[in-house]
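Per UniProt numbering, the very first residue in the sequence shown carries number 1; after that it's consecutive.
Do not rely on the hints blindly, as some may be mistaken.
To be verified - Here are the simulated DSS-like pairs of lysine-lysine, each with C-alpha atoms no more than 30 Å apart in a straight line:
#: 1; residue 1: Lys110; residue 2: Lys168
#: 2; residue 1: Lys168; residue 2: Lys198
#: 3; residue 1: Lys110; residue 2: Lys198
#: 4; residue 1: Lys168; residue 2: Lys327
The hints are simulated quantities; they were obtained by calculation from the structure and are not laboratory data. Nothing here was measured: the structure is a model prediction, and the numbers come from that model.
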Amino acid sequence: MKQFDESRMAHNTEADSTMARANASTGAAHSDVPQHDARPTVLAFGTYNARKHPRVGILIDGLRKNGCIVEEVNHPLRLSTAQRVEILQRPWKLFGFAWNLLRLWLSLRKDARAWVRANGRPAAVLVGYMGHFDVLLAHHLFAGVPIILDHLIFAGDTAQDRGAHGLKVRLLQRLDRWAINAATLVLVDTEEHGRMLKPSDASMVVPVGAPEQWYEASQHEAAQQREAVEAIKAAEARKSLPDIVFYGLYTPLQGTPIIAQALQRLADRGLRPHVTMVGNGQEYQEVRRLTRQLGNIEYRSWVEPEQLPALVATHDIALGIFSTTPKGLRVVPNKVYQSMAAGCAVITSDTAPQRRMLGDGVVYVAAGDADALADALERLLRQPEALEHARLHAAAAARRFTDVTVARPLYEWIAALPNGNIAGIEEAGNTDAADDSSDAENTADAARPQMRTA
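Generate the whole structure from the sequences, applying the supplied hints.
Okay, structure coming up:
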């Protein structure tokens, strides 16, 4: 594997977050950026929904803060995360959404061509998270332009994690390969995911990171706590026990039954802290069954993405993932980055990618071990100094995963592209012209990195 520097659960609304980001041009036909601007221009492209999947927003905001001009040609596909994953697991179900997807792709094609006519070729095209299909369209439209694919989810790996096998997995692995082959650079979030690529695949490890609003939520909660301490005695302001939060889709990699078993063990020890469990999914009913005798758990099936940072920040302890599945041993989940940014002490499984990325920013327990999780929770619940120590370490670690920090190696790669800012070349999608242009092909070839093999 050629490798570089290591380092919103919600329903859709009309106020899509891409419209709120500065300088965004969702579906834009042209840009007001002067042609003489020397900064590299990146075109974020596809059916991504930054409100529901914040990773693409982190990359866009981080690239802007590092010095890129980032424009967007974006028509969000109005599907939930579960629906998108289901399509990856069962590609034949794509036909049920075919009309909607075709309509969006026609709009993307039209807007991409208009954008290039007005602005010239971008330095690079960024295809957002879960862009297995979008990257194929981008490869067709932007001939000769370096294409960056944010490939956090391997379709075949996800299907296996959820119990699939045989022909279905092989077909999804082929889909992964088509998507990777269509890209110039593949972004993954851990070294372990990078090892799933071929040695010839150009890749870069970019941690998931956390959006800015998660850091803001931590600051707001801290300010409120200071006001409370000034108003009343600390002993009266403090809850009898710290409270705990988990949020996620209850997929096997989350290990939510382990959480449920640990909470039962805490109850057996006389500890019943308030626990908020947000989400729904494959193992939800099993968790409810395991905790049916407990009265200290608040289940919430959904929280809007704009409200989630503030909700998490009001809790003392946040839970990461605890499964022993192969996928669970390869990831650092976004909830861990977000919860650290929100000011929580974080407990998660002791896996190689999490320990490598997070260092001493979290409390580690053995994967799949409910007793170990219960022990770690008991320590933080009973020892205020241990809880404060864990929160301080989480906050310090979180500063390494801001959008500007995680996107910096990607910015450096884009800034080094040859002829990245030359405007006035072929219209995107004009494949005949692109095929005749040796300059365009040479640029894309030159963009393929020649770096060390991991």
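Verification of the hints:
For the proposed pair Lys110 and Lys168, the alpha carbon gap of about 34 Å is over 30 Å, so the pair is violated. Our distance criterion of 30 Å between C-alpha atoms is met by Lys168 and Lys198, whose separation comes to about 21 Å. At most 30 Å may separate the alpha-carbon atoms for a hinted pair to count; Lys110 and Lys198 exceed this at roughly 34 Å. Restraint check: the Cα-Cα separation between Lys168 and Lys327 comes to about 17 Å, which is no more than 30 Å; the hinted pair holds.
The structure fails to meet hints 1 and 3 from the earlier list, while all remaining hints are met.
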